[in-house]
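**Q** The lines below spell out each chain.
Protein chains: 4
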Amino acid sequence: MPVAEISIVPLGTGTTSLSDFVAQAVKVIEKSGLKFELTAMGTNVEGTLEEILSLVKEIHQNALNLGAKRLLTTLKIDDRTDKPLTLKGKVEAVKKKILE
Amino acid sequence: MPVAEISIVPLGTGTTSLSDFVAQAVKVIEKSGLKFELTAMGTNVEGTLEEILSLVKEIHQNALNLGAKRLLTTLKIDDRTDKPLTLKGKVEAVKKKILE
Amino acid sequence: MPVAEISIVPLGTGTTSLSDFVAQAVKVIEKSGLKFELTAMGTNVEGTLEEILSLVKEIHQNALNLGAKRLLTTLKIDDRTDKPLTLKGKVEAVKKKILE
Amino acid sequence: MPVAEISIVPLGTGTTSLSDFVAQAVKVIEKSGLKFELTAMGTNVEGTLEEILSLVKEIHQNALNLGAKRLLTTLKIDDRTDKPLTLKGKVEAVKKKILE
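Chains as they are written, first to last, in the working numbering: chain S, 7 to 106; chain Y, 7 to 106; chain Z, 7 to 106; chain F, 7 to 106.
Bound-form chain S, shown alone:
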């Protein structure tokens, strides 16, 4: 099961703030039931490829519906077939190696 990072940047809103739109995106993610983690530079989610792409579609359309005249949506998917991948597991694998 892949993990992914999603971020949206609305343009032409007349403000430098992004938090209104990001908060609405997070509400869409919460409704999806997928495990997620909000970070300062994007929101990370765990789900199948279909679930992630469907979520991106919903987030993107929701931001346009909320009035973004122009919208940049970025998605980075990390997928592997050789062993399970989780948001928590990725961070822990690095932390363990730092302590070695």
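Derived by calculation from the structure, the hints in this document are not laboratory data.
Treat the numbers as computed from the prediction; the structure is a model and nothing was measured.
Beta carbons are placed, not taken as given, at the ideal position from N, Cα and C, and that holds for glycine.
Treat the hints with care, since some could be wrong.
As the list claims (entries may be wrong) - Quick list of simulated restraints, FRET-style, between CB atoms:
1. S:21 x Y:60: 42 to 52 Å
2. F:88 x Z:101: 29 to 39 Å
3. S:21 x F:106: 47 to 57 Å
4. Y:88 x S:101: 37 to 47 Å
5. Y:37 x Z:64: 21 to 31 Å
6. S:33 x F:21: 26 to 36 Å
7. Y:88 x S:95: 38 to 48 Å
8. F:98 x Z:104: 44 to 54 Å
9. Y:106 x S:87: 45 to 55 Å
What the hints assert, rightly or not - Heads up, simulated SDA-like pairs for lysine to any residue below, C-alpha to C-alpha not over 25 Å straight-line:
10. S:103 x Z:20
11. F:41 x F:54
12. Y:94 x Y:20
13. Y:63 x S:87
Fit chains Y, Z and F to the given chain S structure using the hints.
**A** For chains Y, Z and F alone, coordinates are given in the frame of chain S:
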């Protein structure tokens, strides 16, 4: 209609070369019939949101099928509702401003 | 002061694992003294533009020195002049809006 | 010698257009003397790590000076030690494989 940039990075292939996998991704894009442009850092496409997301799904699954044990797929969508957006139009708008 | 997300992907290592290289990158960040946050999809840092770019240089060169034959390094900088920007502040601004 | 993709997104400009800021960034790149290629989703450049990072710094500061109250600058560096890397060479390697 949005434009987008797609890139894939297969890991664990035992080679530093990416061109085999990228070439197969471009073949998937060619079959889709969407207008596209191959660049040194990604492939840019023009299509509806549904077409772009469906293409990303196909490219991603195709790369896994071709033997990528781990795969990073990146998508950046640029969408606007206030005027038409094309790959060619975006580049020309900048070129015109450079000459001003 | 800007915040940024840094990620590295070594290629041709013959393994699907990234955590060895990421752990070494985090050690470089720790030495820099900059405030940072390790996430599943990248590492977020707080610093001046000079500090961030200098850190990216060091992380990149360190990964090459450690044996990465090919290396993809990604940097996303978020900078604003109208009010202070922190990793913690960005997340809290969104969380506050979600509760509204 | 690495190749890289640079993109900037000014926020709070009150317009959905990015081309004014991108055109100014391209002027900075032109002055640097580095080989570059303008694409619909970013500008690709060829240079040493130092040259690329120095260029990013100049582009970023220039956009702030031009009045961007908030600015997202993205950089993706592709570097390899096993053989030469050029913008043209990367695209041609893929095109050759497509024809195979």
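**Q** All the hints need checking, so say for each whether the structure fits it.
**A** Evaluation of the provided hints:
Range check, residue 21 (chain S) to residue 60 (chain Y): Cβ separation about 33 Å, and the 42 to 52 Å hint is violated. At roughly 45 Å, the beta-carbon separation of residue 88 (chain F) and residue 101 (chain Z) lies outside the given 29 to 39 Å, and the hint is violated. Taking the beta carbon of each, residue 21 (chain S) and residue 106 (chain F) are about 51 Å apart, inside 47 to 57 Å as hinted. In this structure the hint that residue 88 (chain Y) and residue 101 (chain S) lie 37 to 47 Å apart at CB holds, the actual value being about 45 Å.
A beta carbon spacing of about 43 Å between residue 37 (chain Y) and residue 64 (chain Z) contradicts the range 21 to 31 Å that was offered as a hint. In this structure the supplied range 26 to 36 Å holds for residue 33 (chain S) paired with residue 21 (chain F), their Cβ-Cβ distance being about 28 Å. At roughly 42 Å, the beta-carbon separation of residue 88 (chain Y) and residue 95 (chain S) lies within the given 38 to 48 Å, and the hint holds. Taking the beta carbon of each, residue 98 (chain F) and residue 104 (chain Z) are about 48 Å apart, inside 44 to 54 Å as hinted.
Between residue 106 (chain Y) and residue 87 (chain S) the beta carbon distance is about 51 Å. The supplied range of 45 to 55 Å therefore holds. A hinted pair counts as satisfied when its Cα atoms are at most 25 Å apart, and residue 103 (chain S) with residue 20 (chain Z) qualifies at roughly 18 Å. For a cut-off of 25 Å, the pair hint linking residue 41 (chain F) to residue 54 (chain F) stands: about 11 Å separates their Cα positions. With a C-alpha separation of about 37 Å, the suggested pairing of residue 94 (chain Y) with residue 20 (chain Y) is violated against the 25 Å cut-off.
This hinted pair checks out: residue 63 (chain Y) and residue 87 (chain S) have alpha carbons roughly 16 Å apart, not beyond 25 Å.
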